[in-house]
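Visitor: Model the placement of chain B with the ligands on the given structure of chain A, informed by the hints.
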Amino acid sequence: MPASRALTIALFVGLVALALFPLFGDKYYIQLLTKIMIMAIFAMSLDLLVGYTGLVSLGHAAFFGLAGYVLAMMAPQDAAASLWITLPAALGGAALAALIIGFLVLRTSGIYFIMVTLAFAQMLFFFIHDSKYFGGSDGAYVYFRPTAALTGVQLFDLENFNHFYYVVLALMAGVYVLLQVILRSPFGAVIVGIRTNEHRMRSLGYPTFRYKLVCFVIGGTVAGLAGYFNAAQFGFVNPELLSWHQSGIALMMVLLGGMGTLFGPVLGAFAMILLEQLFQGLTEHWLLVMGGFIIAVVLFLPHGLYGLAAQLGRKREAEND
Amino acid sequence: MTDTVLQTHELSKRFGGLAAVSNVSLELNVGRIHAVIGPNGAGKSTLINMLSGDLSPTSGRIVYRGGEITGFSADRISRLGIGRSYQKTNIFLGFTAYENCRLAAQSRLPSSMRFFRRATTYHRVRDAAEKALAQAGLENRAGTLASALSHGEQRQLEIAMCLATSPKLLLLDEPLAGMGAEESARMVELLKSLAAGHAMLLVEHDMDAVFTLAEVLTVMVNGCVLESGTPEQIRASPAVREAYLGTEDLAHG
Ligand SMILES: Nc1ncnc2c1ncn2[C@@H]1O[C@H](COP(=O)(O)OP(=O)(O)OP(=O)(O)O)[C@@H](O)[C@H]1O
Ligand SMILES: [Mg+2]
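Listed in order, the protein sequences are those of chains A and B. According to the numbering used here, the stretch in the first sequence is residues 1010 to 1330, in order. According to the numbering used here, the stretch in the second sequence is residues 354 to 606, in order.
No lab work stands behind these hints: they were computed from the structure. As the structure is a prediction and not an experimental result, all values here were calculated from the model. Using N, Cα and C, we set each Cβ at its ideal position, and we do this for glycine too. Fair warning: there could be bad hints in the mix.
One side of the interface only, derived from the structure: several residues of chain A facing chain B at Cβ under 7 angstroms [to be verified]:
# : residue
1 : 1165
2 : 1195
3 : 1202
4 : 1204
5 : 1205
6 : 1206
7 : 1212
8 : 1213
Chain B residues, not near chain A, derived (Cβ > 12 angstroms throughout) [unchecked claim]:
#  : residue
9  : 369
10 : 394
11 : 462
12 : 574
With the rest of the complex left out, here is chain A (with noise of 0.2 angstroms):
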């Protein structure tokens, strides 16, 4: 069975689990869950940049706290903000932010880039965290779940925490195909490129800055979907969200399920937060314990969980054979 069969099955596997889930699962699972899948999205936005651009950021969680804070700025104290309002104006928002700051900081590279993606982020983290307006370090509140109400119509109501799963898990799915398709395309082999030889892309003719710069507006952009369900989901934001902290936990989720793979962060996603729970009820060092784990991954899995897995498979292919 090739690898990429393989790929295909764990991945219809997976769906078909997450979407049965729900009938079995309690409530507090399918949050959780929930939670999960947000935070996947997040950390495959973040391995288009650094897994397959080579753009190691540490400020990714500007984009995802910005568009959670645009849907807490926008939703009104007294009624449900509508979905198509507010979600277009936080992606726009996300989009926006990170055209500005990605144009400033991808004229750098290396430990620079790494150094003024994480500046920007704190400096963005102060501004709101130092600013009445958005509620300062007391963040704000969405009291109400948008509403997907569109002419009377409404299709699925985001208070009901089962129809928010779904809709969380569609969009996960969603972004997969989609990040997918765009590096198969020929945008995709450019910042491949980019990435393993940055040089002979600009003597073969590409103007590599344009091309890292719409990568980052798109992994923002994804960022920022992903933090306005985050908002949606816990009606409450903070700044926290921004801070280098958040972009830190989406990295390890990235180096976790092995980056570069774009199934691999979303693996990363899931174990992390698991793992989370589960040593929590095991210990009070718990973080001791989850740092230790990652650690344990990192040095003696190099390509991450998802690399882990494709070895077990290509073992027990060859036991077959």
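Guide: Only chain B with the ligands this time, still in chain A's reference frame:
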């Protein structure tokens, strides 16, 4: 008179106190191969790097098809139809030979800001990539990872990628270095066949190949042009003989 494609005027490049290239003026024409030779460190690669936009000149001008291109970025120069190969192999090691050439050929699409159609379904790109691979003698290695190619094959791939961008002007930095005798002979034939439709600047240490191919030669030493002329003039030049004395033998070329 042949058509002049590119001219340099008093082109110079300094690295701090080092004058790597000093006041080089030359002319490249369609239909003839212009070889630049000289000992190690003469400034040949630096000259190519300025023409390709990898380095910007300290002073002097570069004129391409009547327009000034001095200081243009490498990608812009490439899109104008100036292709180059590197002395030190500069390929995508993790891609197959075909994918290296496909990516090179894809750069000739009006834009690669195309997000939805599969990259591998652009037939013009595929044809150009396959043609370049075949020209460089790698048609049987299309599916092999570049990192798994022999050193000589990687050198062939370096040329194939340059050809896949369909350049009008070729800047080749030691294309034969590291190739076996057979590939080398094949490459000489290829360059000869390309001469008719292209302008070409050829930097090469293999004197047999240089004297077989070049219609014009420029000899550089320490960044300066020592002599320029036809192969016969270069062979007869006392200055060139002196510069090369004991290092290489031009006489039998
Ligand atoms: N980026 C650079 N920075 C500083 N010095 C450089 C740089 N590139 C080249 N040089 C110097 O400029 C001089 C010319 O180098 P260049 O590579 O152009 O020579 P070359 O004629 O191509 O030699 P070879 O035949 O060995 O390839 C050398 O002294 C080299 O050390
Ligand atoms: Mg050189």
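Visitor: For each hint, tell me whether it holds in the structure or not.
Guide: Results of checking the hints against the structure:
1. 1165: Violated. Min distance 27 angstroms.
2. 1195: Check passed: Cβ of residue 1195 of chain A comes within 4 angstroms of chain B, closer than 7 angstroms.
3. 1202: Because about 5 angstroms separates residue 1202 of chain A from the closest Cβ in chain B, which is inside the 7 angstroms limit, the hint holds.
4. 1204: 10 angstroms, violated
5. 1205: 5 angstroms, holds
6. 1206: Hint on residue 1206 of chain A: holds, closest Cβ of chain B at ~6 angstroms, below 7 angstroms.
7. 1212: With a closest approach of 5 angstroms, the residue 1212 of chain A hint holds.
8. 1213: OK, holds: residue 1213 of chain A within 7 angstroms of chain B, min 5 angstroms.
9. 369: 22 angstroms, holds
10. 394: Holds, since 22 angstroms exceeds 12 angstroms.
11. 462: The claim is violated: residue 462 of chain B sits with its nearest Cβ about 6 angstroms from chain A, within 12 angstroms.
12. 574: The claim holds: residue 574 of chain B sits with its nearest Cβ about 27 angstroms from chain A, beyond 12 angstroms.
Checked against the numbered hints above, the structure breaks hints 1, 4, 11 and satisfies the rest.
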